[in-house]
Amino acid sequence: MSIRLHNTLTRQKDVFMPADPQRVTMYVCGPTVYNYVHIGNARPVVVFDVLYRLLSRHYPQVIYARNITDVDDKINAAAAANGEPIRILAERYATAYREDMTQLNALPPTIEPWATGHIPQMIALIERLIERSHAYVAEGHVLFHVPSLPDYGKLSGRQRDDMIAGARVEVAPYKRDPADFVLWKPSTAAQPGWHSPWGFGRPGWHMECTAMIHTHLGPSIDIHGGGQDLIFPHHENEIAQGEGANGGQYCRYWLHNGYVTVDGEKMSKSLGNFRTVRDLLQYYPGEVIRYALLAGHYRKPLDFSLSALDQARAALDRLYGSLQPFAAPDPAPEGVRAEAVEAALADDLNTPLALGCLHEAATALRKCTDPAEQSRLLATLRDAADLLGLLQQNPATWRQQARAQDNCPATETIEQLIAARRVARARRDFARADELRQELLTLGIGIEDSATGTSWHRLHAQAAA
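Letter by letter, the sequence shown follows residues 1 to 465 of UniProt numbering.
Don't read these hints as lab results, they were simulated from the structure. As the structure is a computational prediction, the values presented were derived from the model and not from experiment. Do not take every clue at face value.
[As the list claims (entries may be wrong)] In silico lysine-lysine, BS3-like type, Cα no more than 30 Å apart, as pairs:
no. : residue 1 : residue 2
1   : K175      : K185
2   : K185      : K74
3   : K300      : K266
From just these sequences and the hints, can you work out the full model?
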């Protein structure tokens, strides 16, 4: 079975052919650890976890690297606001990130490199770019000279003026070209920094991933993944750095997942619809969140809502119900594979089709009465679920999970809070509106805004650990 993936670089589905069939390499951009991750951050984790599971079925070794960005201006600002060392803040939120992603049934990557652990490698790559006339030193900065790479822009397909505007690059008199971007920048005594040939400073964001890839996976890799928002400038600049330093192809297949909206709107703290995974896990099992993230094709935008979570929970209830009579099954027949689900995933990770096939297998199992056929169908269902990272709990445990918060508030109380939030939004007091939404969530009440008003429903409680 061949695997076909939509390659952002070629703008079409390509048959996946790794450079070395014995050693597939994949890198996915991880979080910047200054806060709890939101649901948009979780989508690439779940998407590329499914790809990792699929590739591991077909190749003897898949090296999957997902980094931790622990040097960044947002981290600096958050640490200063908290009055704590940057390292303490980064480690706390990196731990929280791992915990949350584990709740979503995401397998740990093979390698989890931290940016600050690769400063010498970054310096070495920058020196090489300078030697090859792709970079230059100016007023304590080192910048990549974009015109030195004629095919710069091949990933995004943007025109030069659009690239300059889209990159939001700093206008500085020391730049040779407006599109040039920073590889190294000076740090003050209050900022994190390292000694380098160009003075005390810190790396540019794009250089971090290039150095970690080069260190752990090599100068050229098979797959690079991330959110659509990273295509430009981040991934475009990674290509420039990698190919400028090494001369060959930096990455063979580029995969990007679509944006996540909430109730039809872009996530924004000012709109009160900013959903962190940690908050959602208070009310829904991680498997429900994972199912909801897989319900749409990864390349398309995904509208995430509490209604979508409720639908995912109901779907999982049906699937676990099919497994319930077989909580302690006989050993599965050897060689049974969920071919329909695997074929759907092999066609550019078509998870909606794969989920449909999963439900078809569950329906067939419920209707089957022949013991031998039941054993085969059960093995097929479990194999399909493993590919998707679902149905990982004991069915009896799933059934026993609480379906609603105890001591739910009265309807009158809920309506009063919603009315107060409506007034706050009308006054554009979004901070107060966000507080009222959070208060409702704490009470186990989910709300959704639409053109016709605000609706509410009671949330499912998270199962006890």
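Regarding the pair K175 and K185, is the alpha-carbon distance no greater than 30 Å? 13 Å, holds
Would the pair K185 and K74 pass a check requiring their Cα atoms to be no farther apart than 30 Å? 16 Å, holds
So if I understand the rule, the pair passes when the alpha-carbon distance is 30 Å or less; does K300 with K266 pass? 14 Å, holds
When held up to the earlier numbered hints, the structure conflicts with none and fits them all.
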